[in-house]
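Trainee: Dock chain B against chain A, hints included.
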Amino acid sequence: QQPVQSPQAVILREGEDAVINCSSSKALYSVHWYRQKHGEAPVFLMILLKGGEQKGHDKISASFNEKKQQSSLYLTASQLSYSGTYFCGTANRDNYGQNFVFGPGTRLSVLP
Amino acid sequence: DSGVTQTPKHLITATGQRVTLRCSPRSGDLSVYWYQQSLDQGLQFLIQYYNGEERAKGNILERFSAQQFPDLHSELNLSSLELGDSALYFCATRSGTEYNEQFFGPGTRLTVL
Numbered sequence: 001q002q003p004v005q006s007p008q009a010v011i012l013r014e015g016e017d018a019v020i021n022c023s024s025s026k027a028l029y030s031v032h033w034y035r036q037k038h039g040e041a042p043v044f045l046m047i048l049l050k051g052g053e054q055k056g057h058d059k060i061s062a063s064f065n066e067k068k069q070q071s072s073l074y075l076t077a078s079q080l081s082y083s084g085t086y087f088c089g090t091a092n093r094d095n096y097g098q099n100f101v102f103g104p105g106t107r108l109s110v111l112p
Numbered sequence: 113d114s115g116v117t118q119t120p121k122h123l124i125t126a127t128g129q130r131v132t133l134r135c136s137p138r139s140g141d142l143s144v145y146w147y148q149q150s151l152d153q154g155l156q157f158l159i160q161y162y163n164g165e166e167r168a169k170g171n172i173l174e175r176f177s178a179q180q181f182p183d184l185h186s187e188l189n190l191s192s193l194e195l196g197d198s199a200l201y202f203c204a205t206r207s208g209t210e211y212n213e214q215f216f217g218p219g220t221r222l223t224v225l
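Protein sequence lines, in the order shown, are assigned to chains A and B. Numbering (the numbering used here) for the first sequence: 1 to 112. Numbering (the numbering used here) for the second sequence: 113 to 225.
The following block holds chain A by itself, in its conformation from the complex:
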């Protein structure tokens, strides 16, 4: 039930773009994205709901393809502060409104 994230890790230079993918084997009601810096708590970035509603970050965008049961997070013109591990969390019909399941994370390193 854990979603799959790809890539596992990515290294960028400042100013470059990155895409992080999250896919599930179950029909999704919502996808949440969080970023965690080393030793710190995860911080909410973005939520995408079934039907297209989106709430989130003004410098990061995301898409949600309900048919393919996947979401992608787009980081454009990366900044050093974007470094961290990105987790997607998925909610489906069984757990919507309760817990959601986090993916294994994608480690992003932005170099100067």
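With a cut-off of at most 25 Å between alpha-carbon atoms, the simulated DMTMM-like pairs for lysine to aspartate or glutamate come out as follows:
#1 A:37 x B:213
#2 A:59 x B:213
#3 A:37 x B:113
#4 A:68 x B:213
#5 A:59 x A:16
I should point out that these hints are in silico values taken from the structure, not numbers from a laboratory.
Mentor: Coordinates of chain B only, in the frame set by chain A:
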């Protein structure tokens, strides 16, 4: 600052011991989630409480238990500790909006020696 507080920040103990981790949710939030994160690993969902009642259970060991009190703070009890229990333990609360985003506390780093 998410508004979620956790104490203690660090805890060092020995194998076989018992510890209690505490979490206070944001004002007005009724849900509390507990997660375990081992070194460089993902977030493993342990258990969820909502307004004092257990709502969902994840990969929580029988040696672990939790409860949520009438004032909505929650405690996670870990007993018969093993070396492998060393991890960061986060609690999170859920917003009351339709988006259900979670707000994480700063975590408690547990080291079992």
